[in-house]
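There are 2 protein chains.
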Amino acid sequence: MIPPLSDLPREFAFIKRHFLALAGPAALELSDDAAVYTPPAGRDLVVAADAMVENVHFLPSDPPETVGRKLLRCNLSDLAAMGAKPEGWLLTLACPKTIADSWFTAFCNGLKQDQLLFNVHLMGGDTTSTRGPLVLSLTILGSVVPGQAVKRRGAREGDSLWVTGTIGDGALGLRVLQGKLTDSSGHLANRYRLPQPRVGLPLHGLASAAMDISDGLLQDVGHLARENNVGAVIWGPQVPLSKAAQHCGPQWLETCLTGGDDYEILFSVPPQYDAKLSQNPVLPTVLGPVAVHKIGVLTAPEKGIQTLGANGEPLIFKQSGWSHF
Amino acid sequence: MIPPLSDLPREFAFIKRHFLALAGPAALELSDDAAVYTPPAGRDLVVAADAMVENVHFLPSDPPETVGRKLLRCNLSDLAAMGAKPEGWLLTLACPKTIADSWFTAFCNGLKQDQLLFNVHLMGGDTTSTRGPLVLSLTILGSVVPGQAVKRRGAREGDSLWVTGTIGDGALGLRVLQGKLTDSSGHLANRYRLPQPRVGLPLHGLASAAMDISDGLLQDVGHLARENNVGAVIWGPQVPLSKAAQHCGPQWLETCLTGGDDYEILFSVPPQYDAKLSQNPVLPTVLGPVAVHKIGVLTAPEKGIQTLGANGEPLIFKQSGWSHF
Numbered sequence: 167m168i169p170p171l172s173d174l175p176r177e178f179a180f181i182k183r184h185f186l187a188l189a190g191p192a193a194l195e196l197s198d199d200a201a202v203y204t205p206p207a208g209r210d211l212v213v214a215a216d217a218m219v220e221n222v223h224f225l226p227s228d229p230p231e232t233v234g235r236k237l238l239r240c241n242l243s244d245l246a247a248m249g250a251k252p253e254g255w256l257l258t259l260a261c262p263k264t265i266a267d268s269w270f271t272a273f274c275n276g277l278k279q280d281q282l283l284f285n286v287h288l289m290g291g292d293t294t295s296t297r298g299p300l301v302l303s304l305t306i307l308g309s310v311v312p313g314q315a316v317k318r319r320g321a322r323e324g325d326s327l328w329v330t331g332t333i334g335d336g337a338l339g340l341r342v343l344q345g346k347l348t349d350s351s352g353h354l355a356n357r358y359r360l361p362q363p364r365v366g367l368p369l370h371g372l373a374s375a376a377m378d379i380s381d382g383l384l385q386d387v388g389h390l391a392r393e394n395n396v397g398a399v400i401w402g403p404q405v406p407l408s409k410a411a412q413h414c415g416p417q418w419l420e421t422c423l424t425g426g427d428d429y430e431i432l433f434s435v436p437p438q439y440d441a442k443l444s445q446n447p448v449l450p451t452v453l454g455p456v457a458v459h460k461i462g463v464l465t466a467p468e469k470g471i472q473t474l475g476a477n478g479e480p481l482i483f484k485q486s487g488w489s490h491f
Numbered sequence: 167m168i169p170p171l172s173d174l175p176r177e178f179a180f181i182k183r184h185f186l187a188l189a190g191p192a193a194l195e196l197s198d199d200a201a202v203y204t205p206p207a208g209r210d211l212v213v214a215a216d217a218m219v220e221n222v223h224f225l226p227s228d229p230p231e232t233v234g235r236k237l238l239r240c241n242l243s244d245l246a247a248m249g250a251k252p253e254g255w256l257l258t259l260a261c262p263k264t265i266a267d268s269w270f271t272a273f274c275n276g277l278k279q280d281q282l283l284f285n286v287h288l289m290g291g292d293t294t295s296t297r298g299p300l301v302l303s304l305t306i307l308g309s310v311v312p313g314q315a316v317k318r319r320g321a322r323e324g325d326s327l328w329v330t331g332t333i334g335d336g337a338l339g340l341r342v343l344q345g346k347l348t349d350s351s352g353h354l355a356n357r358y359r360l361p362q363p364r365v366g367l368p369l370h371g372l373a374s375a376a377m378d379i380s381d382g383l384l385q386d387v388g389h390l391a392r393e394n395n396v397g398a399v400i401w402g403p404q405v406p407l408s409k410a411a412q413h414c415g416p417q418w419l420e421t422c423l424t425g426g427d428d429y430e431i432l433f434s435v436p437p438q439y440d441a442k443l444s445q446n447p448v449l450p451t452v453l454g455p456v457a458v459h460k461i462g463v464l465t466a467p468e469k470g471i472q473t474l475g476a477n478g479e480p481l482i483f484k485q486s487g488w489s490h491f
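Protein chains in written order, with the numbering used here: chain D, 167 to 491; chain Z, 167 to 491.
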């Protein structure tokens, strides 16, 4: 007699119970050794992988619905930064035995919502046990017209620096969840738990270089500058902050600029496109239009990375990681 | 001043120091948000992901050179089981702070050897910290002529069952490393640490179904049978054992048949191809020819999974996981 699902080895039953509903056609019902996927003809693939660890990237108290969505969205943000369209994703889990089955039900329900939002399906993966914290690793596949991927390299001195959305909400949201800060609006914690990947942002033909902001705006401007052998000036007061972030007060500006967990897009715009974007600083994404803000300009490399205040005075931060510039 | 490598944030310096030498052209020097990869024209992609956890899939005492190679080879084995050609791989690491930098030097040196052997390059990945054990997650991309991927489904009653190489060495090797068994040849521990993925095995046009053997031969025959709604008879004495495995004695047969960690290929062959393969039971792989052995036959589903001894008597194992058949 062929055993019913309930008699399957635990791992297989677990996969079928929770993940089969997420699987797209490439996944072969998650019952094969690998996914088989026909890439879109005439396009390049864009591939990224990110891992998240319990207590490092998410909190045990976070709603399970948002944990998987955050991981998927971080990867979608990597694709968005390259101007790529999502195609599919794979997930590996190293699970401690202490996590209840219902946690994974909610985890997958959250992922199901995001699959609909971003039109993407699970292709495959692996589950294993661990005596340590939950570790999730997600690989995302996207596609792009050959030659149209926007990279970190390509920016030049004189290009302006832009960001999507608002900066610092995720970092402040973590402090709210840690009890270090209050935010009655709930906006900040929500942004920490559910970043808004700017999938579909039309970077090709506009941006000379782009990257997603995950390590903190100042650090990531540093990465972009280093990759292009330029310096940068960031105009502190021009960095867009949400109302909830502004409400926290100026003592939290450093956290906003250096805290990370933004998953917004940092991009450089050559002078010939700058005026047009400045006139109408809104760009479309698959989740709707997003405001973009000019926050600075790329300079000669010997200038390093400078953040300036309202009166042009340099702002020095303890934790920027780039004070040696 | 642009900082030299040594001033980079720790994670970036770590990635450049250890992984840049493994990166292929798609990896964009590991300095972008994602890899950009032109898939081979007119081929389907085959994608698999596997995770390995310290103390679950490898031992802290294992030589670091073999740990990464084992993970890569397990994934290569997934591709081999589908008849796919390796194209590239991504790696995420969740690293405890206690692992020395030199461990990763050796880890990557091992991977470098396997990249040469299997003609494949690193495309990208992610590193993060953890307070738990080391968790490695690898995603592999391969390619196949459309329609030629060999799947777990496709086998029929009457097809013969075959395996590559020898069965049980990995499971016995683990017991050797745990001090439960001795093997002066070193063969068994070596097979545990370095599986031999049968990349290039010409399954298309020969096998009706295939999968890699990782959970134990009997369990995996059960999976293959279940996916095809058939039963199976396995002829115990026909299961190929290495000299080192035979030397352990018959009391270790159960471990060989149910222990896992084989990373050989289990495949079914329709009657019309069986005679020819039986005449010359050797198949080519990229690492040279490999002997294949007929170990049984697929039966009507109501027969379940039976393992028979030398005189046709049923062999009953405690740990087969399939005694309810």
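Treat the hints with care, since some could be wrong.
[Stated by the list, open to error] Straight line, CA to CA, 25 Å or less: simulated SDA-like cross-link-like pairs of lysine to any residue: (1) D:Lys182 x Z:Lys263; (2) D:Lys484 x Z:Ala179; (3) Z:Lys251 x D:Gln344; (4) D:Lys460 x Z:Ser197; (5) Z:Lys263 x D:Pro226; (6) Z:Lys409 x Z:Asn356; (7) D:Lys484 x Z:Thr294; (8) D:Lys251 x D:Val222; (9) Z:Lys346 x D:Pro416; (10) Z:Lys460 x Z:His353; (11) Z:Lys251 x D:Leu196; (12) Z:Lys263 x D:Thr294; (13) Z:Lys263 x D:Ser295; (14) D:Lys182 x Z:Lys346; (15) D:Lys484 x D:Pro416; (16) D:Lys251 x Z:Pro206; (17) D:Lys263 x Z:Gly298; (18) D:Lys263 x Z:Asp381; (19) D:Lys182 x Z:Thr294; (20) Z:Lys484 x D:Glu177; (21) Z:Lys263 x D:Leu225; (22) Z:Lys263 x D:Asn446; (23) Z:Lys346 x D:Asp381; (24) D:Lys251 x Z:Glu195; (25) D:Lys263 x D:Lys251; (26) Z:Lys182 x D:Asp381; (27) Z:Lys251 x D:Ser197; (28) D:Lys251 x D:Pro368; (29) Z:Lys469 x D:Lys460; (30) D:Lys251 x Z:Gly298.
[As the list claims (entries may be wrong)] Some chain D residues near chain Z, calculated using beta-carbon distances under 10 Å: (31) Phe178; (32) Ile181; (33) Asp216.
Because the hints were derived from the structure by calculation, they are not lab data.
Just so you know, these numbers come straight off a predicted model, no measurement behind them.
Think of the CB as a built atom: it goes at the ideal place given N, C-alpha and C, for glycine as much as any other residue.
Going through the hints against the structure:
1. D:Lys182 x Z:Lys263: Outside the cut-off at roughly 35 Å; violated.
2. D:Lys484 x Z:Ala179: holds (21 Å)
3. Z:Lys251 x D:Gln344: Measuring from Cα to Cα gives roughly 48 Å; hence the hint is violated.
4. D:Lys460 x Z:Ser197: Holds, at about 24 Å.
5. Z:Lys263 x D:Pro226: holds (21 Å)
6. Z:Lys409 x Z:Asn356: Status holds; Cα separation ~14 Å.
7. D:Lys484 x Z:Thr294: holds (23 Å)
8. D:Lys251 x D:Val222: violated (28 Å)
9. Z:Lys346 x D:Pro416: With Cα atoms ~64 Å apart, Z:Lys346 and D:Pro416 exceed 25 Å; violated.
10. Z:Lys460 x Z:His353: Cα-Cα ~23 Å, so holds.
11. Z:Lys251 x D:Leu196: Holds, at roughly 20 Å.
12. Z:Lys263 x D:Thr294: Judged against 25 Å, a Cα distance of about 22 Å means the pair holds.
13. Z:Lys263 x D:Ser295: holds (21 Å)
14. D:Lys182 x Z:Lys346: violated (35 Å)
15. D:Lys484 x D:Pro416: Holds: D:Lys484 and D:Pro416 sit about 15 Å apart, inside 25 Å.
16. D:Lys251 x Z:Pro206: holds (19 Å)
17. D:Lys263 x Z:Gly298: Within the cut-off at roughly 14 Å; holds.
18. D:Lys263 x Z:Asp381: At roughly 19 Å apart (the allowed maximum being 25 Å), Z:Asp381 and D:Lys263 satisfy the hint.
19. D:Lys182 x Z:Thr294: violated (29 Å)
20. Z:Lys484 x D:Glu177: The given pair, whose Cα atoms are some 19 Å apart, holds under the 25 Å limit.
21. Z:Lys263 x D:Leu225: Given that 25 Å is the threshold and the Cα spacing comes to 20 Å, the pair holds.
22. Z:Lys263 x D:Asn446: violated (47 Å)
23. Z:Lys346 x D:Asp381: violated (47 Å)
24. D:Lys251 x Z:Glu195: holds (22 Å)
25. D:Lys263 x D:Lys251: Since the Cα atoms of D:Lys263 and D:Lys251 sit roughly 36 Å apart, the hinted pair is violated (cutoff 25 Å).
26. Z:Lys182 x D:Asp381: holds (17 Å)
27. Z:Lys251 x D:Ser197: Cα-Cα ~20 Å, so holds.
28. D:Lys251 x D:Pro368: holds (11 Å)
29. Z:Lys469 x D:Lys460: violated (71 Å)
30. D:Lys251 x Z:Gly298: violated (34 Å)
31. Phe178: holds (8 Å)
32. Ile181: violated (12 Å)
33. Asp216: holds (5 Å)
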